[in-house]
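Number of protein chains: 4
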Amino acid sequence: MTKNIQTAIVGVTGYAGAELARLLLHHPRLKNHPPVFAGRVDTKDLAHGGVPLAEIHPQLGDNAGAANLKLEPFSWELLTTRGVEVLFLATPHEQSREWVPEALKRGLRVIDLSAAWRLTEAANRAVYDFADEATELAASTQSQAVYGMPELHRKQIASAQLVANPGCYATSIILALKPLVAAGLIDLDRGIVADAKSGVSGAGKAATARTHFMYAADNLSAYSVFAHRHTGELLEQAGVSGCQIVFTPHLLPIPRGILSTIYVHFKMAQTHESVAQVYREFFRDSPMVRLYDKSLPQIQYSVRTNYADIGFQLDSSGKRAVIVSCLDNLLKGAAGQAVQNLNVMQGWPESEGLE
Amino acid sequence: MTKNIQTAIVGVTGYAGAELARLLLHHPRLKNHPPVFAGRVDTKDLAHGGVPLAEIHPQLGDNAGAANLKLEPFSWELLTTRGVEVLFLATPHEQSREWVPEALKRGLRVIDLSAAWRLTEAANRAVYDFADEATELAASTQSQAVYGMPELHRKQIASAQLVANPGCYATSIILALKPLVAAGLIDLDRGIVADAKSGVSGAGKAATARTHFMYAADNLSAYSVFAHRHTGELLEQAGVSGCQIVFTPHLLPIPRGILSTIYVHFKMAQTHESVAQVYREFFRDSPMVRLYDKSLPQIQYSVRTNYADIGFQLDSSGKRAVIVSCLDNLLKGAAGQAVQNLNVMQGWPESEGLE
Amino acid sequence: MTKNIQTAIVGVTGYAGAELARLLLHHPRLKNHPPVFAGRVDTKDLAHGGVPLAEIHPQLGDNAGAANLKLEPFSWELLTTRGVEVLFLATPHEQSREWVPEALKRGLRVIDLSAAWRLTEAANRAVYDFADEATELAASTQSQAVYGMPELHRKQIASAQLVANPGCYATSIILALKPLVAAGLIDLDRGIVADAKSGVSGAGKAATARTHFMYAADNLSAYSVFAHRHTGELLEQAGVSGCQIVFTPHLLPIPRGILSTIYVHFKMAQTHESVAQVYREFFRDSPMVRLYDKSLPQIQYSVRTNYADIGFQLDSSGKRAVIVSCLDNLLKGAAGQAVQNLNVMQGWPESEGLE
Amino acid sequence: MTKNIQTAIVGVTGYAGAELARLLLHHPRLKNHPPVFAGRVDTKDLAHGGVPLAEIHPQLGDNAGAANLKLEPFSWELLTTRGVEVLFLATPHEQSREWVPEALKRGLRVIDLSAAWRLTEAANRAVYDFADEATELAASTQSQAVYGMPELHRKQIASAQLVANPGCYATSIILALKPLVAAGLIDLDRGIVADAKSGVSGAGKAATARTHFMYAADNLSAYSVFAHRHTGELLEQAGVSGCQIVFTPHLLPIPRGILSTIYVHFKMAQTHESVAQVYREFFRDSPMVRLYDKSLPQIQYSVRTNYADIGFQLDSSGKRAVIVSCLDNLLKGAAGQAVQNLNVMQGWPESEGLE
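Sequences listed follow chains A, B, C and D, in order. In terms of this note's numbering, the first sequence has 291 at position 291, counting the first letter as 1, and numbering is strictly consecutive. Numbers given in this note's numbering equal positions in the second sequence, counted from 1, plus 1000. Numbers given in this note's numbering equal positions in the third sequence, counted from 1, plus 2000. Numbers given in this note's numbering equal positions in the fourth sequence, counted from 1, plus 3000.
Worth flagging that the hints you see were computed from the coordinates, not collected in a lab. Check the hints yourself; a few may be wrong.
Here are a few chain C residues that face chain B, going by a calculated C-beta distance under 8 angstroms [what the hints assert, rightly or not]:
| id | residue |
| --- | --- |
| 1 | W2099 |
| 2 | P2101 |
| 3 | G2191 |
| 4 | S2224 |
| 5 | Q2298 |
| 6 | Q2313 |
| 7 | V2322 |
Quantities reported herein were computed from a predicted structural model and do not represent experimental measurements. In this text, a Cβ means the ideal position worked out from N, Cα and C, and glycines have one as well.
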């Protein structure tokens, strides 16, 4: 029988952190082993040993055994004392850049939800404005990172010390594209368009002009055109180059969910069945991908699940396809995929605690 | 023929200010006489003589003659130079407390959208935490203020130097209650309940935890129970006392609109017609109130109009009534009513520029 | 060890039916014992033995063991053959009136989500326009019905043959009022106001003018003023009379959730603690009620849970209170409460499968 | 001075019809000349000479002179008696196919909002399943039709007897593409993608499963992939062929507004300024198109206006562009454009009554 493991979450105050807490608190393998919650704690709360989790997220207050859980001040000693083995970071990428090398040194396995370690070192530095120096330590840490998409890297994740949990947009697009690219079906020279739309939780918990209800409601807007940071993941993981794909994100007036509409040209005419066959083959052992056969996925069916839903339609020539890919940006696009990675790392069934 | 007048708006950056700008720019009596827009202007914008209005509110950019309008740095000299006669303040109440006495001294007529001068001096100081001293000047300024609800104070507004534009919740409730209170129909001892619901624009433009899309969307919450500042206006203007009415505001997941559901007991049994008659009589000369006879108002029908919509239903005993009152919080609840007051002050038709 | 039981659902196509299916499919005591789904099945689907559940509700398609579930044509023989012991009816009340007597005769225990058997026979016939004759059978069936609110009737539910599952509005109001009425705190002569707001799923799955997105979105409307059918439940179960309470429902522009704002006068001045004490006492053994102490419930925190959330605030005199009660209309207001009743009937922990 | 003209609207009950009525009732050239409203009238309403407009659309009830307007039973005699000169049809396309030939025979000028006459006869019959025979009359009627997009066909519209008012999606895409296609900038062989998103009013007033609040809210779905009827208009009017463009519509959870994200490849590298110059040139005399220079259009800024808003961004190579085009589907996408066409036909300023 598998022994229980001790997890910790840094960054439980955000949306992804809250979902992660909920998932781990209900995970069948972690019963009676709630995560340690560590982070910044105000002086006034220190006196009480931390902030009650139920105060940060009222909806978490009644989960089995959660009544007395607290956010405690982060320290490496805290993690050691509690016997933490797996550390989840739902922190800004700057913080992950700083903490991950130390965590690895201390023998922790890390699942990092930030963008800090998703790309090769060179690509990473080109995209993000990392504050840390390009030291050898950084490079060697990066080289240990596995891109945490079990559908692509299941085996490496199983033995990884550092899992770089994918971005939400990237997940929805890579899963839709990779099988077709890998099978050599797509005429890359004619270009791929990935038109993606995400709910407001993707914009984070900070109250800004863009997350104001009056801005987001009854609206739709494109942003970061030709400039979104997830593009790097698309390029490396889907196996396309920057001149072969255009990715445009949009802000949808809904709380959660992503729908990506992806346009490809095939080298040779395909049938619906020939394409379906490629997808089925690729995702044969992937319990968290649902392939739509007759209809197209919609946001409403994937929200609040950990599934990536994929469907497509060909034109009459069989040379063009529109692929629709849906997922919940906080689950398969963040916290759910993190737990899926945990399952893979522990050798548990991949979808455990996620259905 | 009426001569054109020169207006100015301070506070055009907020939601009510933007609506006010739109209304004045389209007002038939103010053609070719756009308001002066005055406020705080950054140093870098000073070089260009101010901030283009179209940059602050893109939707205002194409109004007739508005292409070159700018937000200019506020100064009394600016107002004088431009010949401003009527000053609209869509500013925080602290600022209105400070500026109104000076404006009156300079001979300007003021329509103040803030809460600074709506109550009698005593009530005002009890409710708001005014920074200014309780000087004689403050008291004398207050004594000149007319509560800007034309349906109640048309005559005084016509000659007022200072009009205190009512609060949005207050407008929706006072208009529904005042006719019945004035006619002596209501049994005040049994208590009145005013359960009011407002769209998010009522919470202002500041990005806060409460105006975040993720908080407001798919939600409803009560707030300021037994403690909302508009209560003072209800008491003074509807003619009831604090122990006779309970007013509870709620935050609705919509951009704009208020619906107040008001519960009263009558002293004696009424018929639908006897109550309707009281309303018709009271609002005989009020073009901006619409009385619903067979159905009840809904937010969708009053939004983007300056109407206050009122309907009601009696129970079978004829001794209890539910009154439903709807309006657009930014129009009849703020900017629209301000223009209605301008019309009254200028002797123009009360609904001009508002239909 | 408890033996597994066999359940059946009639009416799985509606919103409450879908939630009920989801809950029973995940219920820890019903693992590997999915419900029988019975209803009307088209001739063309008959050939395949019914309609796949995943076609009716795509979101149910991936639940453990649900892949091959079907909606089968209803017949009493079907229920007998499958050994059904507990029958859930999520049907129109006319159908429940017809089927329940037969089901009881056949020895089934019935949990009826419709309004067919919630009231005493006399009240029932006054409110609903039942097609069935006022026979002795109807009267005797009615007399066996227990109002399915465990917080009030736990003991009778445990041994009931027929449980009449409460209405959603009624649940939110009765739970808030009953403790205070039972404790004799409320001055009923001064009247109670229950101003309730519900999401659109409460209006049912039928596509009508009122459920059209263009009508419901960005809107709020009151309806059935002095005339809502749930009033009967309020009167009988909360222990008040029709002249003592006014209940007004409103249609909120959100998918699900109810918030009721309830206004009461106390006979004598109370403190926050004295009222809190009454609630705590009343709900001491009720795991599905959450009492809010410092803040007020909001729809966002109760949606997608089976909790009824209750909070309140007193005015400075201690003689008036505003009570806020929130729940998910499809869970604690329908399917969740039905499962809670099942738990009570089976002697299982009341909140099992509901957290 | 221009003389007043008499208009008539058939189909005022729908969303576009209501907007059309509102615009015509406020049009400065039509003061005191409200349209005749003709359509199907129930027998019971016939007795009163028709249905009051305010009953069909409460929000129209208070427009100047609209209090007594009625929907009258359609007959050609009615139009003759009232001296109707311009007939607006906001009817299903089958009805427009039937009525337009007769209307032209009677000397009326027609602005048809349906899809009945937008395409060349051959294309039209391929796309729509017209019930009328392919008679000579149909062909000759078609040959008189002018596609009602003033930005493209101003001159022909001015003298047209029959104006085929464009589709909403088509308008948003054609206006964005046509200038670049006409200037020969686009590499058509590499394909164009038009990913379009529309609010629910675009799906019409009928209550269906798709327009149910519970389906549309918090959701996004693609539909009619490779099969939307507006594609024909795109091909003919934008000057591209079916193998050069893919158009995918999506249903947005908002009441109104369209945003189209359009992806093109240029034959040769362009600069932002070179592309901007092409647009400026093309729309030099088009008052209802707003070009965005530094930012991209959003739905919130075009909704409730008759503007088509266009902005774009180039990638670093200057060979690819993302164009964003926004409009209000009921205004520039339907009723507003119809009034714009009326203005052109009458020789009035093109934007009159539309700002």
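Do the hints match the structure? See the list:
1. W2099: This hint is violated: C:W2099 lies away from chain B, its Cβ roughly 34 angstroms from the closest one there, beyond 8 angstroms.
2. P2101: 33 angstroms, violated
3. G2191: 6 angstroms, holds
4. S2224: For C:S2224, the interface hint is violated, since the closest Cβ of chain B sits about 10 angstroms away, which is over 8 angstroms.
5. Q2298: 4 angstroms, holds
6. Q2313: Cβ of C:Q2313 sits 4 angstroms from chain B, so the hint holds.
7. V2322: Cβ of C:V2322 sits 5 angstroms from chain B, so the hint holds.
In this structure, the hints that do not hold are numbers 1, 2 and 4, in rising order.
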